[in-house]
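*Asks:* Read in order, the letters of the sequence shown correspond to residues 1 to 556 in the working numbering.
None of these hints come from the bench; they were simulated from the model. Treat each hint with caution, since some may be false.
[Said to hold, decoys possible] Distance condition first, Cα-Cα at most 20 Å in a straight line; then the derived PhoX-like pairs of lysine-lysine:
| id | residue 1 | residue 2 |
| --- | --- | --- |
| 1 | Lys441 | Lys464 |
| 2 | Lys463 | Lys441 |
| 3 | Lys286 | Lys212 |
| 4 | Lys441 | Lys469 |
Here the structure is a predicted model, which means the values were calculated and not measured.
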Amino acid sequence: MASGTQTYGKLLNYEEYIDHQLRLTRSRIKMTDVITAGVTLVAAALGVLFFEVVLDHLFGLPLVVRQLILLAGLGAGGWYAVSRLVLPLARSVNALYAAKTIEETDPSFKNSLINYLELRRHRGEVSKSFLAAIEARAVGDLTKVEIDTVVNQRHLIQAVYALAALVVLFCLYAVSTPKSILDSARRALLADVVRPTNTRLVNIKPGDDREKSKVVSGEAVEFSAEVQGARPSRVVLHYSIDGGKFFATTDLKRGRKDYEPWKVEMPNVRQSMVYYLTGGDAESRKYRLEVLPAPMVVSVAQDLEFPAYTKPAGPVHVDGGNVDALEGTLVTIRARTNQAARSGSLRDGKTKEILGPPMTVSESNPYELIGQFRVKESGTYFIDFLTTSGRRNPEPAIYDIHAQKDLVPEVKFVRPEPSIRRPANAAVALQMVASDDFGLKEATLTVRRDGKDLRPPVNYLEKKPQDRKFRHVEVLDLAALKAEPGTTIQYELAVRDNKEPQSNRASARGEIIITEPVSEKERQQFQQEAQQAEKQPPPDDPERASEPRDDEPPMP
1 MASGTQTYGK LLNYEEYIDH QLRLTRSRIK MTDVITAGVT LVAAALGVLF FEVVLDHLFG
61 LPLVVRQLIL LAGLGAGGWY AVSRLVLPLA RSVNALYAAK TIEETDPSFK NSLINYLELR
121 RHRGEVSKSF LAAIEARAVG DLTKVEIDTV VNQRHLIQAV YALAALVVLF CLYAVSTPKS
181 ILDSARRALL ADVVRPTNTR LVNIKPGDDR EKSKVVSGEA VEFSAEVQGA RPSRVVLHYS
241 IDGGKFFATT DLKRGRKDYE PWKVEMPNVR QSMVYYLTGG DAESRKYRLE VLPAPMVVSV
301 AQDLEFPAYT KPAGPVHVDG GNVDALEGTL VTIRARTNQA ARSGSLRDGK TKEILGPPMT
361 VSESNPYELI GQFRVKESGT YFIDFLTTSG RRNPEPAIYD IHAQKDLVPE VKFVRPEPSI
421 RRPANAAVAL QMVASDDFGL KEATLTVRRD GKDLRPPVNY LEKKPQDRKF RHVEVLDLAA
481 LKAEPGTTIQ YELAVRDNKE PQSNRASARG EIIITEPVSE KERQQFQQEA QQAEKQPPPD
541 DPERASEPRD DEPPMP
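I would like the entire structure built from these sequences, with the hints used as guidance.
*Replies:* Dropping the structure here:
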């Protein structure tokens with residue numbers, strides 16, 4: 001059985017058969033009209049695009065013209081789509097129109113189907129036998145028709161041929177022209193693309209790269225572009241730091257190979273700029289390079305914790321980065337940055353080595369770095385840090401470190417003179433003073449002759465507070481020391497301060513040349529002078545001794 005007489009699962013009576021065939025015809029008419037309209041719309045759009053691409057290649061259509069074409073095309077296309085696509089889909093095809101379409105395929109119909117539909121509308125006014133006869137004739141005529149072929153598809157075929165011709169024409173033009181079809185198509189849709197040229201500048205950098213288009217002040221920026229199509233003699237960078245009022249130029253260097261990009265590096269970029277590239281007949285669109293403030297330390301404060309032996313009252317707060325502190329002082333640096341910091345370190349200004357542990361970011365303030373180092377010697381340091389975006393401070397400030405020395409103790413004998421002559425039976429008063437900037441922990445007097453102790457050394461500060469000053473008078477009874485005429489007695493006061501971990505040492509020396517004993521009267525006179533000196537200790541001597549100090553190792 002022909003497809004036009006299919007029963008679709010059940011046996012149909014004449015009237016149902018006629019309605020079924022009409023539904024199929026109406027559906028095919030609607031589908032054919034909609035597809036034809038769709039293909040026509042696509043072909044028209046492709047034709048307009050091809051026409052615009054050709055004009056753009058020839059003349060470089062300005063933005064206004066492209067806008068007008070796009071608006072006109074969208075308006076016309078929208079109207080056509082509504083009237084020929086949307087509305088036909090929403091409406092139904094008239095049954096009489098479907099019947100007429102079927103009858104036009106076969107002259108033998110002689111309006112049997114249309115007559116049946118008209119008479120059926122007035123079923124009560126026509127005899128049943130007459131209506132049945134007309135119905136039977138219409139069914140007989142329908143069985144002779146292939147419903148799939150009754151709809152005329154000539155317009156659809158013509159639209160498809162037109163679309164295919166435009167596609168072929170587009171392809172042939174794309175092969176023959178050196179200019180970019182895609183760029184002109186994007187320009188037709190108002191994309192920010194430069195007009196196609198024989199020379200094409202592609203992969204421009206920094207270009208649209210968001211990350212590379214933002215640099216830190218002072219960094220070097222590399223501009224590059226790949227050249228396609230006709231090879232130009234030069235590629236030029238045009239850049240403006242005043243918003244585009246004035247453009248300076250610099251040439252890019254050609255790559256060693258034709259496929260390698262042209263490049264130029266601009267050092268020490270300090271200001272944001274607008275730039276574009278030209279080469280041959282090509283001109284890129286304008287790009288923007290944003291220069292961000294360089295990561296930097298904006299303020300520094302320090303807390304100084306002096307060594308415990310200096311008996312500090314507590315940490316000392318100092319504003320500024322220059323450190324002036326005693327050797328061994330623990331310095332806590334608090335640096336504030338202009339950008340959120342991720343990490344940091346304190347580095348030696350000369351060797352670049354890290355001083356102390358890495359700096360930490362304050363938990364309460366991401367713009368604050370905290371680090372520590374111990375003062376060992378004078379020099380310089382700087383603060384090196386990374387921002388949360390991974391940028392490093394390019395030109396860190398250099399700060400001074402002045403390491404104050406823990407001074408060697410001052411020690412001297414006020415009396416007698418460094419070298420004196422005394423009788424073997426006389427008494428000699430040794431008036432001694434010593435001082436230190438923080439404290440003395442030892443002051444030991446030794447008396448020797450020919451390298452041998454004449455008496456046990458005496459530490460006057462043993463088990464005593466570590467004061468900054470020391471004064472004492474010691475009377476030497478030469479007779480008790482069994483001094484012999486012609487010999488020399490050496491004496492030395494050695495002092496040590498309380499510096500940690502290793503103390504400073506200083507000493508003062510003197511000698512007594514022993515002469516022949518004197519009479520009792522003269523001996524008593526020497527004794528009285530010594531006792532008087534013992535009762536009147538030497539005054540405090542805060543000033544540093546003017547005489548050269550003897551810091552030589554103690555006598556053997």
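*Asks:* Next step is simple, just say for each hint if it's right about the structure.
*Replies:* Against the structure, the hints:
no.: 1; hint: Lys441 <-> Lys464; verdict: holds, 8 Å
no.: 2; hint: Lys463 <-> Lys441; verdict: holds, 9 Å
no.: 3; hint: Lys286 <-> Lys212; verdict: holds, 15 Å
no.: 4; hint: Lys441 <-> Lys469; verdict: holds, 10 Å
Violated hints: none; the structure is consistent with every hint.
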